[in-house]
Amino acid sequence: MSSATWPLWEVFVRAKRGLSHVHAGSLHAPDREMALRNARDLYTRRQEGVSIWVVASEDITASSPDERDSFFDPAADKVYRHPTFYDVPEDVEYL
Amino acid sequence: MYGNDFGQADAPGGRATTPHPLNAAETPDYTDALAAYFDGLIEEDQRVEPRDAMPEAYRKTLIRQMAQHAHSEIIGMQPEANWITRAPSLRRKAILMAKVQDEAGHGLYLYSAAETLGVDRSELLDKLHSGQQKYSSIFNYPTLTWADAGAIGWLVDGAAIMNQVPLCRCSYGPYARAMIRVCKEESFHQRQGFEILWTLSRGTEEQKAMAQDAADRWWWPALQMFGPPDTGEQASGGHTAQSMAWGIKRFSNDDLRQKFVDMTVPQAQKLGITLPDPDLAWNEERGHWDFGPIDWDEFWRVLKGDGPCNEQRIRTRVQAHEDGAWVREAAAAYAAKQAARQQSEAVA
Ligand SMILES: [Fe+2]
Ligand SMILES: [Fe+2]
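For the protein sequence lines, the chains are A and B, in the order given. Reminder that position 68 of the first sequence reads as 68 in our numbering, one-by-one numbering, no gaps. Reminder that position 106 of the second sequence reads as 1106 in our numbering, one-by-one numbering, no gaps.
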């Protein structure tokens, strides 16, 4: 049996104009060209997309769920970034 | 399998046992903290994502279930592909090709989901080829007539949908997302199957008999697709209780089977097909259809290799894999050459 394993690619699909590309899944392909074609056949058989990105999985750097709390900590105590933080009179319109 | 999980536990080994943070635990406190974190996710009905800490048994169960599900999808291509060249019209042929292609797609979505847990697809395929991992026993039955293409879509895809819809809420994120995609595609599979039988059932006497014969042969194996009962002696081969506690499974095998029977009986009546079960009767008190005993000995026998087509299915699969080896190698060689050329151009 063949041991030549093709690298893994992550596939992102834009469903229609005006929307961002969204992660759809992954696939194996020998190169980026074939990854794109395979992604078309695998993830858009029913016109689910108007644009596809493929990214080599090994090129993705991800935050770790283990350090989730400390990593996102800097945003945790800045409630003043939200509009609801502010005390304003109730009868002022368009605010 | 086909969205169910039972049968022998996976052989240990391979990269499936790659240490996860949980295994690297140096202190009991660390292990406890991670276990509490995982239990919290399950309790809140949150999704578990690939890099989360999770118990090794949860990870192994998922890999085994997703692999068996993926194997079922790709082995399931064979019985129907058997009729592509002999489909009765161009319309039917195009539909059948699209359906079989979808099943290949389902297999790939599922292998891709399994790979998020650190296994490699080629490793799972090796296990399928060597018989270490199973696929749904239903695909070990032959497709003898064109009506079988109809019966498979109607009954086998119908049962698969029943199993797969609850998996869209499975606790493991990538599996749930793959299932949402799969379920969207399945309803055409079931409808095209029903349409084939609907057409035959309004045809000549021979065509009607052909539809009836296919239903006779596929009905019981379809009921077996839900897996052995969750209670009693037969339950020992299953993992229902643990899988339900982990939020992998949402309904018991027996519940899903009953739902399937309740859904299918009126459809059979519409087709003018008599389901091959003399005990089939509406139970006013339960509000469900009663049905006769299932032959679980046959189920285990077929699952363990002694069905009419087990050997042929694996042989065909291995042959396809080996015949495709030169394509995989050539494409990899071409990619390597292109990459080397680009690199030397960049240096120059
Ligand atoms: Fe499928
Ligand atoms: Fe299907």
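Worth double-checking, as some hints may not be accurate.
[To be verified] In silico lysine-lysine, DSBU-like type, Cα no more than 35 Å apart, as pairs: (1) K16/A x K1208/B; (2) K1184/B x K1208/B; (3) K1060/B x K1208/B; (4) K16/A x K1270/B; (5) K1270/B x K1259/B.
[Said to hold, decoys possible] Computed, partial: chain A to chain B, Cβ under 8 Å: (6) G18; (7) V22; (8) T61; (9) S64.
These are calculated hints, taken from the structure and not from any lab test. Ideal Cβ placement from N, Cα and C applies to all residues, glycine included.
Results of checking the hints against the structure:
1. The suggested pairing of K16/A with K1208/B is violated, with an alpha-carbon distance near 45 Å, which exceeds 35 Å.
2. The hinted pair formed by K1184/B and K1208/B meets the criterion: a straight-line CA distance of about 31 Å does not exceed 35 Å.
3. For the proposed pair K1060/B and K1208/B, the alpha carbon gap of about 46 Å is over 35 Å, so the pair is violated.
4. Using a Cα cut-off of 35 Å, the hinted pair K16/A and K1270/B is violated, with the two alpha carbons roughly 40 Å apart.
5. Simply put, K1270/B and K1259/B have alpha-carbon atoms about 18 Å apart, close enough for the 35 Å limit, and the pair holds.
6. Using the Cβ-Cβ criterion of 8 Å, the hint placing G18/A at the interface with chain B is not satisfied: the shortest such distance is roughly 22 Å.
7. For V22/A, the suggested interface contact is broken, since its CB lies about 11 Å from the closest CB of chain B, more than 8 Å.
8. Because the closest C-beta pair between T61/A and chain B is about 12 Å apart, greater than 8 Å, the hint is violated.
9. The beta carbon of S64/A is positioned within 8 Å of a beta carbon in chain B (closest approach about 6 Å), and the interface hint is therefore held.
Of the numbered hints listed earlier, those contradicted by the structure are 1, 3, 4, 6, 7 and 8.
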